[in-house]
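Asks: Mind docking chains B and C on chain A? Use the hints.
Protein chains in written order, with this note's numbering: chain A, -13 to 116; chain B, 1044 to 1153; chain C, 147 to 266.
Hints listed in this document are in silico derivations from the structure and should not be mistaken for laboratory results.
Check before you lean on any hint, since a few could be wrong.
[What the hints assert, rightly or not] Label-pair ranges, simulated between beta-carbon atoms:
1. A37/A <-> D1058/B: 27 to 35 Å
2. S1084/B <-> Q148/C: 17 to 25 Å
3. A246/C <-> A1120/B: 22 to 30 Å
4. A246/C <-> T0/A: 51 to 59 Å
5. L257/C <-> D48/A: 35 to 43 Å
6. M1107/B <-> M(-13)/A: 31 to 39 Å
7. K55/A <-> Q148/C: 43 to 51 Å
8. Q1/A <-> L257/C: 19 to 27 Å
9. A86/A <-> A1120/B: 34 to 42 Å
10. E78/A <-> N237/C: 38 to 46 Å
11. A1120/B <-> A213/C: 40 to 48 Å
12. D1096/B <-> K231/C: 47 to 55 Å
[To be verified] Far from chain B, by Cβ distances over 10 Å, these chain C residues were calculated:
13. L173
14. N207
15. S210
16. D219
17. Y224
18. E228
19. K231
20. I234
21. I235
22. N237
23. L248
24. E251
Values in this document were obtained by computation on a predicted structure and should not be read as measured data.
A virtual CB, placed ideally from N, CA and C, is assigned to each residue, including glycine.
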Amino acid sequence: MIFSINVQSPPYSTQASYTAYRFCKAVLAQGHQVHRIFFYQDGIYCATRLAAPPQDELNLYDKWQNLAKENEIELVVCIAAALRRGILNLEESIRYQKDAHNLAEGFTLGGLGQLIEAAVNSDRMVTFGN
Amino acid sequence: MFLVVNNKQIAIDGDGYLIDTQQWTPEIATAIAAQENIQISDAHWEIIYLLQDFYREFEISPAMRALVKYTEKKLGAHKGKSIYLLQLFPPSPAKLASKIAGLPRPANCL
Amino acid sequence: MQKKILLISRHAPYGSSTAKEALDAALAAAVYEQSLSLLFMDDGVFQLLKDQQAQQINQKNFSSILAALPFYDIENIYIHQESLKKRIIENKDLLIEHAAILTNEQISTLLNDQDHILSF
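So here's chain A without its partners, still in its complex pose (with noise of 0.2 Å):
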């Protein structure tokens, strides 16, 4: 079965995106596809690469990465959402004049049409968040 997952929350304040995260392995493992994750509202915040977690603490953000990269999983930021919250990729921060840009590598902008195009092409799709 084609899956798709689309994370809503925030890396660190709630569990619901490590719990997205552990979906996602446990999807694999059974033998199932993920198509695409999507990161929607503060789910964004999973895409910077500026955090900086404590050593003996759990490091999402390196986790994403790898799960995307093992898996061949793309993972989609939207971009109406990074935007307003400040997570930027090198693109935008030149058409918005910033002096940085934080987004994660394995992760690209893209728009909410790329949610609705998860959901056509996938068998399920499971939000997480909220």
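Replies: Below, chains B and C without anything else, positioned relative to chain A:
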């Protein structure tokens, strides 16, 4: 970046959107349109003012589909067609006409 | 391929961005020519109240944006009856007149009928 309109500098961003949308005047619209190689006719003005009405009424900039339907409702079926809007504002009418009408730049790439 | 998608909006219009971002997602879905329905339940029904004065807190007015839905071809709009009742909201208080008000039983039929549910 700036547009020069009536000897005044008007700030625009790299994509040609007004930095301060409150500054909008028909003269500025004409200058933005010129940058996009559009010479504004009465038919253009009709759509530009229609877009401003849409924004006032709904507080959002319309996607193409919504613009077509709104045009159909306000100006009739012969104008409420993608092809009519495309001829006026090629190649992406909703985006381009919104820019000329001084609507806020869209947050995403819809 | 067209799929039936139901977007459930369960949060109040102001105080958090959830309801606004749900509406943004709904408008995006409409642009992609999907069959999208909207269901308002729990505190989400507060989004439908008349006479919102969002400008006082520097927010966009939900009632304005909701009025644009027909232009995005979002015509299937549902409201959870019990959520209205619990919050003592009557039909005359609602700004969308063409919405269908559904009982719990009708809601479960609606949910079963979808390919996808997006929950906000």
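Asks: Next, verify each hint and record whether it holds.
Replies: Results for each hint:
1. A37/A <-> D1058/B: 27 to 35 Å: Holds, at about 30 Å.
2. S1084/B <-> Q148/C: 17 to 25 Å: This hint is violated: roughly 38 Å between Cβ atoms.
3. A246/C <-> A1120/B: 22 to 30 Å: For A246/C and A1120/B the Cβ distance comes to about 29 Å; the hint holds.
4. A246/C <-> T0/A: 51 to 59 Å: With a Cβ separation near 33 Å, A246/C and T0/A fall outside 51 to 59 Å, so the hint is violated.
5. L257/C <-> D48/A: 35 to 43 Å: Holds - the Cβ-Cβ distance for L257/C and D48/A, about 37 Å, lies within 35 to 43 Å.
6. M1107/B <-> M(-13)/A: 31 to 39 Å: The hint (31 to 39 Å, Cβ to Cβ) holds, given that M1107/B and M(-13)/A are roughly 34 Å apart.
7. K55/A <-> Q148/C: 43 to 51 Å: Distance hint for K55/A, Q148/C is violated at roughly 33 Å.
8. Q1/A <-> L257/C: 19 to 27 Å: With Cβ atoms ~25 Å apart, the hint holds.
9. A86/A <-> A1120/B: 34 to 42 Å: With Cβ atoms ~50 Å apart, the hint is violated.
10. E78/A <-> N237/C: 38 to 46 Å: Given a distance of about 45 Å, which is inside 38 to 46 Å, the answer is holds.
11. A1120/B <-> A213/C: 40 to 48 Å: Taking Cβ atoms as reference, A1120/B and A213/C lie about 22 Å apart, which means the hint is violated.
12. D1096/B <-> K231/C: 47 to 55 Å: Hint violated: Cβ distance 38 Å, outside 47 to 55 Å.
13. L173: Check fails; 7 Å does not lie beyond 10 Å.
14. N207: Violated, because the least Cβ-Cβ distance between N207/C and chain B comes to about 6 Å, which does not exceed 10 Å.
15. S210: violated, 4 Å
16. D219: violated, 7 Å
17. Y224: With a cut-off of 10 Å, Y224/C remains clear of chain B, as the shortest Cβ separation is near 21 Å.
18. E228: Check passes; 30 Å lies beyond 10 Å.
19. K231: holds, 30 Å
20. I234: holds, 28 Å
21. I235: holds, 23 Å
22. N237: holds, 23 Å
23. L248: holds, 26 Å
24. E251: holds, 34 Å
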